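**Q** The primary structure of each chain is shown beneath.
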Amino acid sequence: MCTAQVSELAPTSDAVREPLVTLTAVGRFAGDRAALADISLVIRSGEIHGLLGPNGSGKTTLLRILAGIWHPHVGRIEYPGAPVRIGYVPQRFCLYDELTVGENLGFQAAMRGRNTTPVARVLSDFSLEALASRRSAALSDGERQRLMLAAAMLSQPTLLLLDEPTTALDTASRRSLWSLLRREATHGTAVVLTSHELADGAQCDSTTRLSEGRLEERSR
Amino acid sequence: MSTINRMVMLALKEALQLIRDRATLGMLLGVPLIQFTLFGFAVELTPRTLSVTVVASQGKSATRIERWLKSASFGARVSSAPSLQSAQDRLRRGETLVVVDANEYPARLYVDATDPVLYLHAKTAIDRVLRSLSAPADEQEESVRAVRVVELYNPGARTQPYLVSGLVGLILTMTLVMMSALTVARERERGTLESLLALRVRSLELCIGKLTPYLLLGFLQGALILAVARLAFEIPLRGSLMLIAAAAVVFAGANLALGFLFSTLARVQMQAMQMTFFFFLPSSLLSGFMFPFSAMPAWARVLGETLPLTHFLRIIRGVTLRNVESGYVIGELAPIAAFAIVVGFAALVSCQRALRAGPA
Numbered sequence: 001m002c003t004a005q006v007s008e009l010a011p012t013s014d015a016v017r018e019p020l021v022t023l024t025a026v027g028r029f030a031g032d033r034a035a036l037a038d039i040s041l042v043i044r045s046g047e048i049h050g051l052l053g054p055n056g057s058g059k060t061t062l063l064r065i066l067a068g069i070w071h072p073h074v075g076r077i078e079y080p081g082a083p084v085r086i087g088y089v090p091q092r093f094c095l096y097d098e099l100t101v102g103e104n105l106g107f108q109a110a111m112r113g114r115n116t117t118p119v120a121r122v123l124s125d126f127s128l129e130a131l132a133s134r135r136s137a138a139l140s141d142g143e144r145q146r147l148m149l150a151a152a153m154l155s156q157p158t159l160l161l162l163d164e165p166t167t168a169l170d171t172a173s174r175r176s177l178w179s180l181l182r183r184e185a186t187h188g189t190a191v192v193l194t195s196h197e198l199a200d201g202a203q204c205d206s207t208t209r210l211s212e213g214r215l216e217e218r219s220r
Numbered sequence: 001m002s003t004i005n006r007m008v009m010l011a012l013k014e015a016l017q018l019i020r021d022r023a024t025l026g027m028l029l030g031v032p033l034i035q036f037t038l039f040g041f042a043v044e045l046t047p048r049t050l051s052v053t054v055v056a057s058q059g060k061s062a063t064r065i066e067r068w069l070k071s072a073s074f075g076a077r078v079s080s081a082p083s084l085q086s087a088q089d090r091l092r093r094g095e096t097l098v099v100v101d102a103n104e105y106p107a108r109l110y111v112d113a114t115d116p117v118l119y120l121h122a123k124t125a126i127d128r129v130l131r132s133l134s135a136p137a138d139e140q141e142e143s144v145r146a147v148r149v150v151e152l153y154n155p156g157a158r159t160q161p162y163l164v165s166g167l168v169g170l171i172l173t174m175t176l177v178m179m180s181a182l183t184v185a186r187e188r189e190r191g192t193l194e195s196l197l198a199l200r201v202r203s204l205e206l207c208i209g210k211l212t213p214y215l216l217l218g219f220l221q222g223a224l225i226l227a228v229a230r231l232a233f234e235i236p237l238r239g240s241l242m243l244i245a246a247a248a249v250v251f252a253g254a255n256l257a258l259g260f261l262f263s264t265l266a267r268v269q270m271q272a273m274q275m276t277f278f279f280f281l282p283s284s285l286l287s288g289f290m291f292p293f294s295a296m297p298a299w300a301r302v303l304g305e306t307l308p309l310t311h312f313l314r315i316i317r318g319v320t321l322r323n324v325e326s327g328y329v330i331g332e333l334a335p336i337a338a339f340a341i342v343v344g345f346a347a348l349v350s351c352q353r354a355l356r357a358g359p360a
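Sequence order for the protein chains is A and B. Quick note on numbering: the first sequence equals residues 1 to 220 in the numbering used here. Quick note on numbering: the second sequence equals residues 1 to 360 in the numbering used here.
Extracted from the complex, chain B is given alone in its bound form:
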C-alpha cells in the first residue's frame, strides 16, 4: 500500500476514534461554545453602575451631592449612611465602592482601591462629575470641586495585591479539582479498583481516604503561595491568618468533592481531566478573578455566585487587603460549604454507583 493510502487510513481511523469518543468530541465542540458565551456575553471590563454611599448630617449638602452624582452619565447607585463609620464598614465589606463624606469641608471621597479596574472606573467617573461642574462656579460648586480623594486598602491601586491574593484561590481550584478528579479514575484505569472492591471498600472510606492527603497538600500549597505573595510581592496581610486557614479548609473541601465527583463519573483519567477543564474555564472567568464581578450581567453573576472561587476570592482579598471581620467571612463561607455538601453528597452517590458497577 502506498504512503498516501496509509496516511488516508490513519486519518480515517483517527476520525472514527474521535467521533466515537464522546467526551473528547463534546469538549471540542463545547469549549468554544462556552468561551463564546462567556467572553461574548458575560465578561465586561467596565461596570454599568457605580455604588456610592453618601454621609451627610446636613440635609442640603447631601441632597446636592446626590443630585450631582445621579445626574452624571455613569449611572451611580447612590445610597446614604447615618455615619462615616457605618459607611466605611460597607466599604470594607465590598457593598459600596465610594463613600462621600459630605460632613467634611471640602467633601472627602473614600474609594475602595482593592480592584484596580473598579478603582479606575470610579476615579474616572468622579473626575467626570467634577469636570462637569464648570464655570461659572459659585461657592457650593467650588466645595465639590475641591473634594479630596482617599484611596483605601490598596494605596496606588496596585495590580499585584489584587491578582496575587486571588491566585491563591485560582491555583487551589486548579490543582485540587484536577488531582482529586484523577483518584478513582486512576484506580479504574490501572485495574487496582478491582482489588479495592474485593476488599469491600465503601464509598465513604474511599472518598475520605483518597481525599485526605490532597486536603493536606492543598493546605500546604495555600500556605506556600501566601508566603511567596508576602515575601516576593509584599502583599499585606491585614486580617487574621486563622480566618484564611479556616476558609481554605472549606474551600479545599468543596473543590475536592467536585473533583471526586468527576472522578467517579469518568471512565479514564483523560475524561476526568476534560471535566476539570470544563469547570475551570467558567471558574476563572465568572468568579471575579480576571474581570470585575459587578460588571457582569445579572445571569452571569447568578452563575458566578454558585462557584466556590467567587466567594473564596472575596474572603482572601477581604482578609488580606481590607481586614474584614469574621462575620463577613462566615457569610461568604456559607455558599462554599453548601456547595461542598451538595456536591459531596452527589459524589458519594456516584461513587456508590461506580463501586456497584465494578471494574471495567
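The shape of chain A in the complex, shown without the other chains:
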C-alpha cells in the first residue's frame, strides 16, 4: 500500500480549501422513523472529514446520500464548483469473489468509462501486482480493503467516501490506510469516512458526531 509517512504530508490550510459539497437540512426516513434529520454540512477539498457515532446513528445513511446511492427525502445537496468525481468504499466487501483482482479492477474501470487511471498503475500504486491474478475470494481482509480502495481510486475521485474503513484492519494496515488518505487529501481530494472509534476521529481534519440520525457535535 502507500509508504508515505503521515508527518511528511501536512494537512492543507483551511484558507485554500474550497467547498466541494454542501448539504442543507438533509433528512431521510426508514419507514416511519427518521434515519437522518436536519443535517447541514460542508465538505471541502483536501480535507479529511470524519462522521462519527455509534451504530445506528445515521453515518452510513449520510455516506450513501453523499455517494448518490440514496437520495435525501428532505433537504438538498449542492456541488458549488466543478463536477465531483466520487469514489466509494462500502463497509462490506462489494466486489466479485469469482473474479481475480485484475478482472475486478478492469470491470470497475470499464464501468466508470473514460478518464480512469490505468489498471496496471492502480495495481502498482496499491501494491496489488502480485495479487492481480488471484481470485478475490482468496484475499485476506486487509487485501480486500486495499482492493476496494484501489477500485474507488480508479476514477481519480475528488470526493472519496469510506464506510468504516478501519474496522477489519490490524494496526499496520490502519497506519498504511491513514497515510494513503492523507496523501490523497494533500493532492486535493476530499475524504469522508465513517467510524465509531474516537482514535479515527483524532486523525481527521474535522468531524461530525451523529446520534440517532441527528447532528450532535461538530469540531474542526
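Where hints are given, some of them may not hold.
[Said to hold, decoys possible] A short, non-exhaustive set of chain A residues, derived as facing chain B with CB atoms under 10 Å: (1) 64; (2) 87; (3) 88; (4) 93; (5) 94; (6) 95; (7) 96; (8) 97; (9) 108; (10) 111; (11) 161.
In short, the hints are calculated from the structure, not lab data. Predicted model only: the values in this text are computed from it and were never measured. Virtual Cβ for every residue (Gly too), placed ideally from N, Cα, C.
With chain A fixed as given, assemble chain B onto it according to the hints.
**A** This is chain B only, laid out in the frame that chain A set:
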C-alpha cells in the same frame, strides 16, 4: 437446560422464523392450493370433444358421414373443408385432429398422431363409430366400415418425439427463469449491488448486461437438447431449424424477462427461487406439455394461453414433427413476444424501484 428444553426452544425458534418468513409460508400454503386446483379441476387426460374435418365433393356422402360422427357419443365437432389440401393444412396447423376424405372409396381418415394421447382418443372414437355401424350392413355402411386410417406426423404415435421435442421448451423455461431470477437477488444478497449503485448503473444497463450471457446460454442449451433429441431419440426435424432458432430467441427473452422481474422483487435468492417454482408448476401442467391442452376446461385454457411455454411447445412440435409454415410460427410467437414486452417493462420498472431503494 435439558436436551428436551433445548429441542423445544429450537422448535419454537424455527416456528417463529417460519411464521415471519412470509414468502416461505406463502409457498407452503400456496403450492398445495395451486396443485389441488390444477390437478383437481384443470388437468384432464381425455378431451371432451374431437375436432373432425370432412372433405366430400359428393354432398350425400359427406352428410352421411357427418351424421354418423355427430350421432356418436364422443361429441365430435365436425366441420367441412372444400378440398383435401385445405383440410390437411388445418391438420398441420393443429386446428383439427381428424380429416375424413369421403371422396375416396373406401373413405380415408387422416389422424394427427403428434400427441399419442389425443391420437389414442381419436382412434378409440373412430373405432367406436365403426363398431356402432353393425349388421345388417347395407352397402353404404360397408363403405364406412372399410375406412382406412392414416397416421400423420408421428407414425406409430410414438411418445418420444412428442415428449422430447417438448422438453426443449420445458428445460429452457426451468433454467432461464431460475438463472435470471437469481441475478439481482444475488447482487443484493452479496452486497455487490452497493458497488453497482455507486457506479450509477441504470436499470436498462443492468437488465441487458445481466441477461445477455443467459440468452446465449439458453441458445446453446436449446441447440444441445435438440442435437441429443435428434441423435439419441431419432426425433425428426421436418421444418426449418432457423424458425426454431428465431422462436427460441423470443421465448428465451420472455423467460429471462420474467426471471429478472422475480429477481428485482425478491430480497434474497431463496425468495427468487420460490417465485420461480410458483411459475414453473402451472407452466408444466397447463401448457400442454404433460396433458392435452384441448382436454382442459375453458378457464384453464385461457390461463394456459398466457404462458409462453404453451405457444413454444406448439412451435417446436409443429416445426419438428409437422413442418408447419412460418405464418403459423409467427402466429404463435406473437403472444410470446407480447408476454416478453409486458413482463420486460414491468421488470424494468421494478428494477428502477429496486435501484432507488438501494442496498439492503
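**Q** Confirm or reject each hint.
**A** Hint check:
The interface hint given for residue 64 of chain A holds, since its Cβ lies 7 Å from the closest Cβ of chain B, which is under the 10 Å cut-off. Interface hint status for residue 87 of chain A: upheld, as the beta-carbon distance to the closest one in chain B is roughly 8 Å, under 10 Å. Of the supplied interface hints, the one on residue 88 of chain A holds, with its beta-carbon coming within about 4 Å of a beta-carbon of chain B, less than 10 Å. About 7 Å separates the beta-carbon of residue 93 of chain A from the nearest beta-carbon of chain B, less than 10 Å, and the hint is met.
The restraint placing residue 94 of chain A at the interface with chain B holds, with a minimum CB-CB distance near 4 Å, inside the 10 Å limit. A hinted interface residue such as residue 95 of chain A counts as satisfied when its beta carbon comes closer than 10 Å to some beta carbon of chain B; here the least separation is about 6 Å, so the hint holds. About 6 Å separates the beta-carbon of residue 96 of chain A from the nearest beta-carbon of chain B, less than 10 Å, and the hint is met. Restraint check, residue 97 of chain A versus chain B: the minimum CB separation of about 8 Å is within 10 Å; hint holds.
Annotation: residue 108 of chain A was flagged as interfacial toward chain B, and the flag holds, the nearest CB pair being 7 Å apart, inside 10 Å. Taking 10 Å as the C-beta cut-off, the interface hint given for residue 111 of chain A holds, the closest approach to chain B being about 5 Å. Hint status for residue 161 of chain A relative to chain B: holds, with the closest Cβ pair at about 9 Å, below 10 Å.
Of the numbered hints stated above, none is contradicted by the structure.
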